[in-house]
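Protein sequence lines, in the order shown, are assigned to chains A and B.
For the first sequence, the residue numbers in the numbering used here are 1 to 143.
For the second sequence, the residue numbers in the numbering used here are 144 to 574.
Wrong hints could be hidden among the right ones.
Unchecked claim - Subject to a maximum C-alpha distance of 20 Å in a straight line, what follows is the list of computed EDC-like cross-link-like pairs (lysine to aspartate or glutamate):
hint, chain 1, residue 1, chain 2, residue 2
1, A, K5, B, E517
2, A, K116, A, E86
3, A, K6, B, E376
4, B, K521, A, E86
Don't read these hints as lab results, they were simulated from the structure.
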Amino acid sequence: MPALKKCYHIKKKDFIRAGEASIHVKNLLKTLNYNPELIRRVAICGYEAEMNAVMHGGDGRLCIEINSYQLVLKVSDTGPGITDIELAMQAGFSTASDEHREMGFGAGMGLPNMKKNADHLDLASESGKGTQVVMIFQTGPET
Amino acid sequence: MNREPTPTCFIHFDKNLCNSCIDCVRACPTKAIRIRNNQTIRMVDQCIGCGECIRVCPKGAMTAATATLASLEKDKIPVALVHPTLYAQFPGIAPMDLLAAVKTLGFHHVMDLSHYIEMFQCATEDFIRRNRVSQQTPWPLISPFCPVAIHLIAVLFPSLLHHILPIMRPVALAGREIKRRLAKEYRVLENEVVTYYITPNRASYPFERSYVDRALGINDVYAQLIRQIEQFENNDSISSLQDQFNITVTGNGLMWAISGGEIAGLNIEPTLAVSGIRETMAYLEKIELGLFGDTEYIELRTCPDGCVGGVLTGIDRHLAKSAVLRMVPKLDSGRRLPREKILRLYAKGRFMAETMPSDLEQLLGTTKEHLSLESLQKVENLLKSINGMNCAACGSPDCRTFCEDVVMGRAALRDCLLIWARENGGDTSSS
Numbered sequence: 001m002p003a004l005k006k007c008y009h010i011k012k013k014d015f016i017r018a019g020e021a022s023i024h025v026k027n028l029l030k031t032l033n034y035n036p037e038l039i040r041r042v043a044i045c046g047y048e049a050e051m052n053a054v055m056h057g058g059d060g061r062l063c064i065e066i067n068s069y070q071l072v073l074k075v076s077d078t079g080p081g082i083t084d085i086e087l088a089m090q091a092g093f094s095t096a097s098d099e100h101r102e103m104g105f106g107a108g109m110g111l112p113n114m115k116k117n118a119d120h121l122d123l124a125s126e127s128g129k130g131t132q133v134v135m136i137f138q139t140g141p142e143t
Numbered sequence: 144m145n146r147e148p149t150p151t152c153f154i155h156f157d158k159n160l161c162n163s164c165i166d167c168v169r170a171c172p173t174k175a176i177r178i179r180n181n182q183t184i185r186m187v188d189q190c191i192g193c194g195e196c197i198r199v200c201p202k203g204a205m206t207a208a209t210a211t212l213a214s215l216e217k218d219k220i221p222v223a224l225v226h227p228t229l230y231a232q233f234p235g236i237a238p239m240d241l242l243a244a245v246k247t248l249g250f251h252h253v254m255d256l257s258h259y260i261e262m263f264q265c266a267t268e269d270f271i272r273r274n275r276v277s278q279q280t281p282w283p284l285i286s287p288f289c290p291v292a293i294h295l296i297a298v299l300f301p302s303l304l305h306h307i308l309p310i311m312r313p314v315a316l317a318g319r320e321i322k323r324r325l326a327k328e329y330r331v332l333e334n335e336v337v338t339y340y341i342t343p344n345r346a347s348y349p350f351e352r353s354y355v356d357r358a359l360g361i362n363d364v365y366a367q368l369i370r371q372i373e374q375f376e377n378n379d380s381i382s383s384l385q386d387q388f389n390i391t392v393t394g395n396g397l398m399w400a401i402s403g404g405e406i407a408g409l410n411i412e413p414t415l416a417v418s419g420i421r422e423t424m425a426y427l428e429k430i431e432l433g434l435f436g437d438t439e440y441i442e443l444r445t446c447p448d449g450c451v452g453g454v455l456t457g458i459d460r461h462l463a464k465s466a467v468l469r470m471v472p473k474l475d476s477g478r479r480l481p482r483e484k485i486l487r488l489y490a491k492g493r494f495m496a497e498t499m500p501s502d503l504e505q506l507l508g509t510t511k512e513h514l515s516l517e518s519l520q521k522v523e524n525l526l527k528s529i530n531g532m533n534c535a536a537c538g539s540p541d542c543r544t545f546c547e548d549v550v551m552g553r554a555a556l557r558d559c560l561l562i563w564a565r566e567n568g569g570d571t572s573s574s
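This is chain A alone, in the form it adopts within the complex (with noise of 0.2 Å):
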């Protein structure tokens, strides 16, 4: 089965650049002709988690993986990680700093954000370690 994988690289505290890697993503899946309303959930998804990997992590990644069946949204980041996932998961619930809130991020709703528009959503954190949130969007029946 033919499966396309990219990744881009996420670069620590560059708000001007956060967002091309979504960007990129998108415009990826505009060229197959997916649905643009799945193609808007993985944007929202993918951009959610850019910015936490921007703002939270150290350098990081996201990686797409495309297949006849599912589209797979990987992005980790070298950070301090998560302490508390069930809390972080929670709306409202947020670690910013103040800097970060002037520009008007922080509202803490990435994380559910994210859950609300992927189709399954898995988390994995060690503290000291980094992040890595993966994302699921069903495209067809599994084969």
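Got chain A; can you put chain B on it based on the hints?
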């Protein structure tokens, strides 16, 4: 006539003038132009009418497919609808004098849009207020005024089509009204009242064609208007040219010639105004990522600084912008229409767009071929092996598009100079 028979396209291309440089290929925001075997190939269904190719073409081979004044003679009742940008082309000239000058071009009537801009604003504010409760349309709402922006959305950002404010544009409201009134007055059919939109850009909507028949570039009439105004200064026959439809031009309407002018007149917060084709695309990318959900209304203008930066203008956009800012305080700037009356009409649905967002993609979208997963994999591999620098010498706008063209069988690999040089022993290492 060397013009191609491309009725759907906003741009005419004259191949005898073309020298096959790649300026237009690189400038086209939807990547709709290629050079193959020294021939320019256009994918006209992807043309959004932005006019970027007209701006960059060094030979003048690209021109806007506008109407000509000669066709006025064949029309029963030709009427001009004047885009606010026209006033900005004539610093120091009173808008009413300019409207009189437009009439001398052969129009039965000349209509300013200020009145309809006010209706649009009133309807827009009411729609947004209701939307705060109903959440019927997702934020941010996108202004339907700039047809290039809307075509751009249909071609490259179709997921955003349902963000477009479903209110009819001022020019369509004006065209509908004047056709109805004049058909009655002259006892003719509505389609015998022919409306010419004097505009800085050729793009239009197919679904507005029954209200706005033709587009006339400001640059098509600029020289004649200058001569006419000089004649006015020598004698005062101008009063005979006053038109029943020449309602006072307002500063509120004139502001629509520049970026930010539309939102400046709206009692809506928060709003945003973006101008220029690349900036507009960058913002649409961001909206697609879910940003600006807390902004209620976004004014998009694909020309730099707004409509004064249009391709079909008469004077430099910076001069025009200054002219607007100097003229506005001298004009009646407040709104003049009774709000209650407009809202009554609004409640009857008189301002609602007649085309549903779901139909827009079909009306304005493209038939662009898509890649299969296997093809995309080939594109990615090819892209890596070329490892180019987007020189566009192959005739495609960038390396990725070239690879897509090769995989789709629309270009040959040897068109790539880097590949050709490597195969012929040239020193272009791929690292």
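Hints, one by one, checked against the model:
1. A/K5 <-> B/E517: Judged against 20 Å, a Cα distance of about 12 Å means the pair holds.
2. A/K116 <-> A/E86: holds, 15 Å
3. A/K6 <-> B/E376: violated, 68 Å
4. B/K521 <-> A/E86: Distance of about 42 Å is beyond 20 Å: violated.
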